[in-house]
Each structure stands twice: as structure tokens, then as C-alpha cells.
Amino acid sequence: MAEPLASENEVLDDDDLYDESLNADELSFDDDLLDDDEDDAQDDALTEVRLAVPEEIDVSHTATDKESGLRIDKLASQVFTDFSRAQLQGWISDGSLLCNGSAQKPKYRVKIGDVLHLTTILQQHSEDLPEDIDIDVVYEDDAVLVINKPVGMVVHPGAGNQTGTLVNALLYHYPQQHHLPRAGLVHRIDKDTSGLLLIGKTKPAQMALMAQLKDKSVYRHYQCVVAGDEASLMRHRRIDAPIGRHRNQRTKMTVMTAGRDAVTHLLSVTPLNDNYCLLDVGLETGRTHQIRVHLSHITYPIVGDRVYGGRRQLRAGLTEAQRQAIGNFPRQALHAYALGFVHPTTGEDVEVTTPIPEDMQKLIAVLNDGYDLG
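Take 735 as the starting number for the sequence shown in the numbering used here and just add one per residue.
By construction, these hints were calculated from the structure, which means they are not laboratory data.
Check the hints yourself; a few may be wrong.
As the list claims (entries may be wrong) - Here are the simulated DSBU-like cross-link-like pairs (lysine-lysine), alpha carbons at most 35 Å apart as the crow flies: (1) Lys-948 - Lys-935; (2) Lys-950 - Lys-986; (3) Lys-800 - Lys-839; (4) Lys-808 - Lys-845; (5) Lys-841 - Lys-950; (6) Lys-839 - Lys-935; (7) Lys-948 - Lys-845; (8) Lys-925 - Lys-1096; (9) Lys-800 - Lys-937; (10) Lys-948 - Lys-800; (11) Lys-948 - Lys-937; (12) Lys-935 - Lys-986; (13) Lys-841 - Lys-948; (14) Lys-925 - Lys-950; (15) Lys-986 - Lys-839; (16) Lys-925 - Lys-935; (17) Lys-937 - Lys-845; (18) Lys-925 - Lys-937; (19) Lys-986 - Lys-845; (20) Lys-937 - Lys-839; (21) Lys-925 - Lys-986; (22) Lys-948 - Lys-925; (23) Lys-948 - Lys-986; (24) Lys-935 - Lys-841; (25) Lys-937 - Lys-808; (26) Lys-937 - Lys-1096; (27) Lys-986 - Lys-937; (28) Lys-935 - Lys-808; (29) Lys-950 - Lys-800; (30) Lys-935 - Lys-800.
Based on the sequences and whatever the hints tell you, model everything.
Given below as C-alpha cells:
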């Protein structure tokens, strides 16, 4: 398998969700996904989901010799695996999870024979409704789903994007996903970036894949079209520059000394003409907009990137057709084309790829017109 690399992700409204992976401690069944209305055509599906929303939880566990001395929140996360640690900590604090019939603090260390008893009513994705939206499934088994996200699709509901998201589509085609945090999503990509997304179909699979993403045993490779010549880009095969949030523009990231470590690798550089190239990119870290920010920082932005590209996208020597193709390209020419992970059930290496989408293929063809690739 290729060298593990992390993945690109998207800006969200929640300040705590800027890391590429969806941290297990941030995920809860009553997550911050917003409500949206649905038309009468899907009444039956909505009724099915809504009826399944209230679920009474009543489970117990008796601490063993090996578990003695563990914090109660840690033991709870090990034995009640259908729930996130943050969720369990909340139930410890509000008295839903008791030890020997009494409330304890999360730092309480259990003893042999202690009985943990969890009773609560679980609200499951009550605000996220299914929509009959086509999704392109490129890999599926009982534990894992990989989807090729099209350009323009938001990954999950949020302010200004309450319908038409991948989560809405997943809840329609895979109703069982309604009981998983964020419908099983392991990571995210931008609305206008196309490509592969990894989804767990069970809670253990989702948690295992998020753990892999954190330790970089999940990798993703990207292809993008950039304004830059081959020789110059070859001098930046490794871009090491910390990234943080722009001080004045909240949805924009920038290179800054006070930012978090960020490393991007240009795995290959293919000239399309004298001033434009197709890159194969991998990430050592997974900061928000990392590829876009790093390429803009070295002055070779991604074609179509209205946020980080600007006028530097237009280089000398363009034909009128090339100039128009660049100026009219409606989104960043960035595609997540390869995904690799260790299967959470079988332990086998899995690699999935998807071709460059048609809009990028047409852009490449125009820029490459009459140029000898060698």
C-alpha cells in the first residue's frame, strides 16, 4: 500500500470541527445538524425514521478484575461501544449512568464488582431527514461504504445547507445509518471538491476508521490543475507551512506562524503546457483547505479557486479558448481520486479509486491542446 496520507477537508460553521477527521469525542447522536422540511412525496420514509427516533436505553456492566482502576468514563466507552465518550460523560454527569446505583464523577475509578447501569432515552438523528438523492457508491460491504461525492454537494446539513446533503441522501438509501453519529461519516471534503468519502456502516467500523485517520493509516490522494510551470513546482515537492484561521475572514484559512503544523506532498507534477500542470497531491496532515492554502501560498493556486486563487490563475501565453476555460471554470479543480484504508473487520488493505470528473477532463484537454507531454 502507498504511504499513508491524511485528507483534505471543508470549512464548517462549528469552530471545533475543523480537523479533517470527525473526532469521536465530538460525535453524538444529537449532533449539531440542523432541521429541514420535506415534501409530501417522502411522508412514508419520514414517518419510518421519526417513529424510530425515541429509543429507550437500559444496559448494565459489572467491572472485572482487569477493569479495576479504570476511570468510569473510560470503562463506559469500552463496554458501551454504541455511544461516544463525550455522550457517556454527559450521561455520567446528569445521572443517567450510575455506578452501584449512585452518581459518580467521570474521573471516578471503578472497583471489581462495580455495576455500571445506563438508562436514558436516545434521540436519533431526529432533525436529519432522508431525501431521495442519487449517490455514486464505488465500494460497499457490511461495514464500510465509499461514495464518490459530486461537485456541489454539501456533506452534511448546516446553516444555509439544510437539504440536499450527503447525510440526507444516506438516510434515504441506508435508513440504518440514522443511529450513527453524522450518519457514519468518517471525514469530509469541500462542497466544490469532488471525490471519495469514507463512511462506516456500523458504530465500531466508524470509530475504527476514525482512529485510522488519526494515526494516518487511512490515506487519500488528490489530483488538481494548478497555475504553475513544472520546474517551479518541482522545487516545492514538500510544502511545510502552518495553517490557521484568517483573523478577519472566518471561513478562510491562511499560512501563519501561530497556525497548526501542515505538510503537503506533491507526489507527481505533469505539465499541461508551459504554465499549467496537473498535480498528484498527498497530505501528511489534514488541515482545513490545506491543499488550496498551500498551493496559493507558494503562488501556484488551483484553477477555479475563487477564495485562494485570484488573478494569479491567469498566466502568460494563453490562447483565448484557454483563457475562457480558466475564467469560466466554476469551482476549484480539485478531486479526491484515491482512498486507502485497513478494513475494520477483515484487517485487509482496501484501495479505491475514481476517475477525474468530466469538467476537469475538459479543462485539462483545453490547457493541453497542442502541447507535447513527452
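Hint-by-hint comparison with the structure:
1. Lys-948 - Lys-935: Given pair Lys-948, Lys-935 holds - Cα atoms ~19 Å apart, limit 35 Å.
2. Lys-950 - Lys-986: This hinted pair holds, its Cα atoms lying about 25 Å apart.
3. Lys-800 - Lys-839: holds (21 Å)
4. Lys-808 - Lys-845: Distance of about 13 Å is within 35 Å: holds.
5. Lys-841 - Lys-950: Distance ~30 Å between Lys-841 and Lys-950 Cα, so the pair holds.
6. Lys-839 - Lys-935: Given that 35 Å is the threshold and the Cα spacing comes to 32 Å, the pair holds.
7. Lys-948 - Lys-845: holds (31 Å)
8. Lys-925 - Lys-1096: holds (20 Å)
9. Lys-800 - Lys-937: At roughly 24 Å apart (the allowed maximum being 35 Å), Lys-937 and Lys-800 satisfy the hint.
10. Lys-948 - Lys-800: holds (27 Å)
11. Lys-948 - Lys-937: holds (17 Å)
12. Lys-935 - Lys-986: holds (32 Å)
13. Lys-841 - Lys-948: Answer holds: Lys-841 to Lys-948 is near 25 Å, not above 35 Å.
14. Lys-925 - Lys-950: holds (23 Å)
15. Lys-986 - Lys-839: violated (39 Å)
16. Lys-925 - Lys-935: Holds: Lys-925 and Lys-935 sit about 22 Å apart, inside 35 Å.
17. Lys-937 - Lys-845: holds (28 Å)
18. Lys-925 - Lys-937: holds (25 Å)
19. Lys-986 - Lys-845: violated (49 Å)
20. Lys-937 - Lys-839: holds (26 Å)
21. Lys-925 - Lys-986: holds (14 Å)
22. Lys-948 - Lys-925: holds (22 Å)
23. Lys-948 - Lys-986: Distance of about 23 Å is within 35 Å: holds.
24. Lys-935 - Lys-841: holds (31 Å)
25. Lys-937 - Lys-808: holds (17 Å)
26. Lys-937 - Lys-1096: Since the Cα atoms of Lys-937 and Lys-1096 sit roughly 40 Å apart, the hinted pair is violated (cutoff 35 Å).
27. Lys-986 - Lys-937: Holds: Lys-986 and Lys-937 sit about 32 Å apart, inside 35 Å.
28. Lys-935 - Lys-808: holds (24 Å)
29. Lys-950 - Lys-800: holds (30 Å)
30. Lys-935 - Lys-800: holds (30 Å)
Comparing the model with each numbered hint stated earlier shows that hints 15, 19, 26 do not hold.
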